[in-house]
Amino acid sequence: MNRGYFSPPVTVALLIDRVGVYRNVLSAEEAARLLVGYWPKKGRAKRFAAMRACLEVGEGRADAKVARAAFIAAVHEAEIYVKD
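If you number the sequence shown the way the working numbering does, the last residue is 84 and the count never jumps.
If you're looking for bench data, these hints aren't it; they were derived computationally from the structure.
Treat the hints with care, since some could be wrong.
To be verified - In the BS3-like style, the derived pairs of lysine-lysine whose C-alpha atoms are separated by at most 30 Å in a straight line are:
#1 Lys42 - Lys83
#2 Lys83 - Lys46
#3 Lys65 - Lys83
#4 Lys65 - Lys41
#5 Lys41 - Lys83
#6 Lys65 - Lys42
#7 Lys65 - Lys46
This structure is a prediction, so every number in the text was calculated from the model and none was measured.
The whole structure should be built from the sequences, with the hints applied where relevant.
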């Protein structure tokens, strides 16, 4: 899988194991892991669009810039703090 590195990385505030942490998301691969494993219940449409974009990057059918923008849109939809 093409990792699709983000330039610049996206810093988000997440709740992981009931602890608030800031996470620097460096790639589409890492964004996909967060979208699947550590995402709040709020917001679905943009989350699924971001998951699709990250998958397309991994398959070489999309650019990391597209996945980064989709990930940021999903972050906003889920009302997660993003430092961008």
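These are the hints, each one checked on the structure:
1. Lys42 - Lys83: holds, 19 Å
2. Lys83 - Lys46: holds, 18 Å
3. Lys65 - Lys83: holds, 17 Å
4. Lys65 - Lys41: Judged against 30 Å, a Cα distance of about 25 Å means the pair holds.
5. Lys41 - Lys83: holds, 21 Å
6. Lys65 - Lys42: holds, 24 Å
7. Lys65 - Lys46: holds, 16 Å
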